[in-house]
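The lines below spell out each chain.
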Amino acid sequence: MQDYKYIGHSAERVDGIEKVSGAALYTDDLEFGPDLLYAEIVEGPHAHAMLNSIDTSEAEKVPDVLAVVTGKDFPFNFGLYMKDRYIFAQDRVRFYGEQIAAVVARTPIAAQKAAKLVKVNYTPLPKILDPLTAIQEGADLIHPELKNYDRVPWFFPTPDTNIAHHRKIRKGDVDKGFAEADYVLEDTYEVPRYSHCAIEYHAAVAKFDHSGRLTVWASSQSPHTQRNLFANALAPLGIRHNDVRVIVPHVGGGFGSKAGVTMEIIAAAIAMKVQGHPVKVMWNREREFYNTYQRLGVIAKLKIGVKKDGSITALKHDLYWDAGAYVEYAANVVNAVGLSAIGPYRVENASIDSYCIYTNLPPGGPYRGFGYSEFLFGLESHMDRIAQHLGIDPVEIRRRNAIKEGELTAYGAPMNPNGLLQAIDRVAEEVRWHEKLTSNDPNIAIGKGFSLFWKAPAMPPNASSSCFLKFNEDASINLLVSGMDLGQGFLTVMAQIAAEVLSIPTSKIRTENPDTDRNPYEWQTVASHVTWGCGNAVHKAAIDAREQIFDLIERTKHLPRETLYLEDEMVKCTTDPGFELLLKDFVIYGIQMEDGTFKGGPIIGRGSFMPEFTSTISDPETSQGGHPNVHYTVGAAAAIVEIDKQTGKVRIKKIVEAVDCGKALNPSLVKGQIVGGIMQGISTVLYEEMKFDHRGKMLNPNFTDYKIPTALDVPDEIIPIIIEVPQPDGPFGARGMGEHTMIPVAPMIANAIDNALGLRITSMPITAEKVCLALLKKEKKK
Amino acid sequence: MAIPYEFGYQKPATLQEAIALLAEHDKNARILAGGTDLVNELKQGFRVPEILIDIKGITELKNIQLVDDQLEIGALVTFSEILHSKILHDNAYILFEAAGLVASNGVRNRATMVGNICSAVACMDSASPLLVHDAVIHLISSQGERNVPIQKWFDDNRKTTIRPNELVTHVSIPIPKVKYAGAYQKMMRYSGEDLSQANVGVLLFADNTVHVAFGSVGPIPKRSPKIENLLKAKGLSADTIEEAKQMIEKVIAPITDVRASKEYRLHMCKVMFVRALNTAQARIKKPKLITKKLHYEKKCLQSE
Numbered sequence: 001m002q003d004y005k006y007i008g009h010s011a012e013r014v015d016g017i018e019k020v021s022g023a024a025l026y027t028d029d030l031e032f033g034p035d036l037l038y039a040e041i042v043e044g045p046h047a048h049a050m051l052n053s054i055d056t057s058e059a060e061k062v063p064d065v066l067a068v069v070t071g072k073d074f075p076f077n078f079g080l081y082m083k084d085r086y087i088f089a090q091d092r093v094r095f096y097g098e099q100i101a102a103v104v105a106r107t108p109i110a111a112q113k114a115a116k117l118v119k120v121n122y123t124p125l126p127k128i129l130d131p132l133t134a135i136q137e138g139a140d141l142i143h144p145e146l147k148n149y150d151r152v153p154w155f156f157p158t159p160d161t162n163i164a165h166h167r168k169i170r171k172g173d174v175d176k177g178f179a180e181a182d183y184v185l186e187d188t189y190e191v192p193r194y195s196h197c198a199i200e201y202h203a204a205v206a207k208f209d210h211s212g213r214l215t216v217w218a219s220s221q222s223p224h225t226q227r228n229l230f231a232n233a234l235a236p237l238g239i240r241h242n243d244v245r246v247i248v249p250h251v252g253g254g255f256g257s258k259a260g261v262t263m264e265i266i267a268a269a270i271a272m273k274v275q276g277h278p279v280k281v282m283w284n285r286e287r288e289f290y291n292t293y294q295r296l297g298v299i300a301k302l303k304i305g306v307k308k309d310g311s312i313t314a315l316k317h318d319l320y321w322d323a324g325a326y327v328e329y330a331a332n333v334v335n336a337v338g339l340s341a342i343g344p345y346r347v348e349n350a351s352i353d354s355y356c357i358y359t360n361l362p363p364g365g366p367y368r369g370f371g372y373s374e375f376l377f378g379l380e381s382h383m384d385r386i387a388q389h390l391g392i393d394p395v396e397i398r399r400r401n402a403i404k405e406g407e408l409t410a411y412g413a414p415m416n417p418n419g420l421l422q423a424i425d426r427v428a429e430e431v432r433w434h435e436k437l438t439s440n441d442p443n444i445a446i447g448k449g450f451s452l453f454w455k456a457p458a459m460p461p462n463a464s465s466s467c468f469l470k471f472n473e474d475a476s477i478n479l480l481v482s483g484m485d486l487g488q489g490f491l492t493v494m495a496q497i498a499a500e501v502l503s504i505p506t507s508k509i510r511t512e513n514p515d516t517d518r519n520p521y522e523w524q525t526v527a528s529h530v531t532w533g534c535g536n537a538v539h540k541a542a543i544d545a546r547e548q549i550f551d552l553i554e555r556t557k558h559l560p561r562e563t564l565y566l567e568d569e570m571v572k573c574t575t576d577p578g579f580e581l582l583l584k585d586f587v588i589y590g591i592q593m594e595d596g597t598f599k600g601g602p603i604i605g606r607g608s609f610m611p612e613f614t615s616t617i618s619d620p621e622t623s624q625g626g627h628p629n630v631h632y633t634v635g636a637a638a639a640i641v642e643i644d645k646q647t648g649k650v651r652i653k654k655i656v657e658a659v660d661c662g663k664a665l666n667p668s669l670v671k672g673q674i675v676g677g678i679m680q681g682i683s684t685v686l687y688e689e690m691k692f693d694h695r696g697k698m699l700n701p702n703f704t705d706y707k708i709p710t711a712l713d714v715p716d717e718i719i720p721i722i723i724e725v726p727q728p729d730g731p732f733g734a735r736g737m738g739e740h741t742m743i744p745v746a747p748m749i750a751n752a753i754d755n756a757l758g759l760r761i762t763s764m765p766i767t768a769e770k771v772c773l774a775l776l777k778k779e780k781k782k
Numbered sequence: 001m002a003i004p005y006e007f008g009y010q011k012p013a014t015l016q017e018a019i020a021l022l023a024e025h026d027k028n029a030r031i032l033a034g035g036t037d038l039v040n041e042l043k044q045g046f047r048v049p050e051i052l053i054d055i056k057g058i059t060e061l062k063n064i065q066l067v068d069d070q071l072e073i074g075a076l077v078t079f080s081e082i083l084h085s086k087i088l089h090d091n092a093y094i095l096f097e098a099a100g101l102v103a104s105n106g107v108r109n110r111a112t113m114v115g116n117i118c119s120a121v122a123c124m125d126s127a128s129p130l131l132v133h134d135a136v137i138h139l140i141s142s143q144g145e146r147n148v149p150i151q152k153w154f155d156d157n158r159k160t161t162i163r164p165n166e167l168v169t170h171v172s173i174p175i176p177k178v179k180y181a182g183a184y185q186k187m188m189r190y191s192g193e194d195l196s197q198a199n200v201g202v203l204l205f206a207d208n209t210v211h212v213a214f215g216s217v218g219p220i221p222k223r224s225p226k227i228e229n230l231l232k233a234k235g236l237s238a239d240t241i242e243e244a245k246q247m248i249e250k251v252i253a254p255i256t257d258v259r260a261s262k263e264y265r266l267h268m269c270k271v272m273f274v275r276a277l278n279t280a281q282a283r284i285k286k287p288k289l290i291t292k293k294l295h296y297e298k299k300c301l302q303s304e
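Which chain is which? The protein sequence lines are B and D, in order.
Residue numbers for the first sequence follow the working numbering, beginning at 1 and rising by one.
Residue numbers for the second sequence follow the working numbering, beginning at 1 and rising by one.
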């Protein structure tokens, strides 16, 4: 194994001191001077209504109000994968709390006061709050203009229905597969909506200056994508890409909620109407819940056939997604799951139908796991139930069916190298899977649960990353990338990659969140792809810089370049041990020749990366023929739980999780992701529960009644395990693992509860109340 | 979020000044102690006051003291101070136990117990412990002093018998003549900070008298004389406890809301009643509660 100096070690975070010292600034911390204006949003009190007219005259009279803007000012569509969104509602309101208008004033209080005076006339329409109602024959259409929306070529809406996209897999012969099965299990699983709950609210400040420059400061995962969407949406107002600049300071968490564009476009648009003034739009916790993105809900009908030995003969997975009022991003979640809903298994006969369905609930969108947590809840519950029926150990049935390198995925492309079997074995060993646990307290039941997981980045085939690497006089480096550090430690890992190639300590590499004017292109920080994608760009940029260094040495010192190498911030030579040249002596100033002239010049590395082997072109009826996903990251996890039979409360004693990240570039950050992902998974399975009333209004948009775990709810023990089966096209063999870590948690807890109590729960969340009432019901039946 | 309107603010240094201000502004004044409920109400625009009277400067309201057979808890005593009080730990353990389950550390550092019963939100934690201890609320106004037994204090959710010109100075708890032990059980959705979806307070005396209170299962917290009488008459045998447990369905009528269903609340009240009674029985058998250190929060949270 190759010996690395910087990667593979737990380097200190490059943003660590800045964050713990309080020096780090977030969007709301930035100062904009006395010209700053504040916007207050007018929201619609209907889940579905025609918007007849808006009277802003009273609001405009309030002192300190500069403008009141409505949909009429911006009759433009926008969206990431399908242009079905509007900056402000046009003639129709599609979810409760949708933005109708905004008041811009010199003070927040004046804006709030005036917003209350905006009069809106609506005609309520029948509202559709669940996906199965939305696809009934004759259901009212939420987007009658669906068929006319611009969209990416791999989306297939069903015209004149509420189905915005339908992804189909047809592989092998499922009828034959089910006919050959010794046992077939069929059931329906329900996973409701969830909220990201990032600690920092969405915030955006935009300024359209008198030269026609639009600058937006935002808390975002996607600065370049935001620039692109702002420029495209505001093109009718004469805005071009080079007029738009997006600056992202530190970000307090995203989990998908700050990907693409949501509320930021409101700030960008409003700024166009108050030229010369910066305008601030701050979301509050309530709006974080109902007007950014929510994780989609799903009703999944799953049927699996197996032989007596547990091997899968056929799988049919029909997924009905509650994607909400706008699906410009959500439809790609549905697409990703459609391509991958066989799970990390070898399935020769598969049929998948993944339906993206409009409803009158808040817009669905990206959320850590991108649909995989949702479908694996059912699939991994199903695998346990099948094992139980056949009398096979749950670990063994997973081992037997686990997908191996070269075996075909649902869309027919070969599976990448992976350490799934190693992960299964390591987890089973660490959790002592075969050891029977019993409790001394008759009221406490103990159970164990297991789950596998897999996930691929869901990206357009031409999603790309790039990097500039600039040397400074002392051979320290400014590394310019546009991936975002959202707390996961991305920037530190980029610094480690450059450090490894150039022999410069990580502490001498400065890398910060981007400004789209200065930093080169990055698609978005989503899909757990930046370590891999942007890491490849950084790797290339560092090699580019190194080659420039070797060129210069070859040219000036006449040493053969194949003998040159970098070590301890010096160029050295394998054949001339006496040759040592400090990088700081020439990376800016060049090398002086005998005649007194200098050769060289500032070393600037450049790298860009695009996965050139991917394609979304395939037969829409079967999805066979393309290569939509770059690779899958896999792993396994297990939990031990204790359940109080009288109250239904679940206490997690131990969780073990193994993830194959190819190469852990920074092991402590990998472990941090594992622990954090496990906590987020625990939160969704045990505590979080979004509640809506009959009007489609969310009833608990606050942490008083939408519960995420505290330090007191952390399991007694969490054991992270790193598996390293290299990804051939990854930087030093690395592949992404950030989202993945939460995916196995919900099904493994469901499996552990069943193991403890003989109680199978097929809907999330599995709250204490749900467990307790199900137990009481079961006892009554006896 | 800013408070979107103007209001006055006064910080009197003495009780007399505070009373005078209250007499002057009457209904238009609101008293600021911890502010953990009040500031939220101000932000949301409920009951917009003309003036806030901040009583935090009145030092005599900060005491926890034992005066003869009365335990007095001043209006400014915070839940964190309760958790650091040996007097409360040794004499009203149930209140101490409940204080450890109020919200989070940050809130407990500001929120006062008296504020909790003055806000009188149905899910408050202080009421059940004070009810089983037969606490008395002491008020003062320009007209003089007035005492209200806790059983007569609550009128409705968020409504008490306090008059607009009155200020609570302290709450007193009579120390029973016989040996006693209490226990508090709180229904929460997780181990972190949560508003109680139901709670049960039990105070057991050496003569087998039992006081039982239920909170957060109706607009106001209540003692249950029916259950108390049954236990007094028949003792604490397993059969009687079971009979009392079944009686709970007739004593309380919880509702279904965003936090929990009626069915689960009722079931949990039965479970918590038995657990509280068992805990109190175990505690009364011990010679004296053993206190090793004065910060017990973690212990309380884990003992659930």
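No lab work stands behind these hints, which were simulated from the structure alone.
Mixed in with the good hints there might be a few duds.
Unchecked claim - Output of the computed footprint for chain D on chain B, the stretches with three or more beta carbons under 8 Å from beta carbons of chain D: (1) 43–57; (2) 106–120; (3) 546–560; (4) 684–697.
In this text, a Cβ means the ideal position worked out from N, Cα and C, and glycines have one as well.
Here is how each hint holds up against the structure:
Proximity of the region 43–57 of chain B to chain D, defined as three or more residues with a beta carbon under 8 Å from a beta carbon of that chain, is not established by the 0 residues found. Coverage of the region 106–120 of chain B by chain D holds [criterion: at least 3 residues with CB-CB distance below 8 Å; count 4]. Coverage of the region 546–560 of chain B by chain D is violated [criterion: at least 3 residues with CB-CB distance below 8 Å; count 0]. Coverage of the region 684–697 of chain B by chain D holds. Counting CB-CB distances below 8 Å, 3 residues qualify, and the rule asks for three or more.
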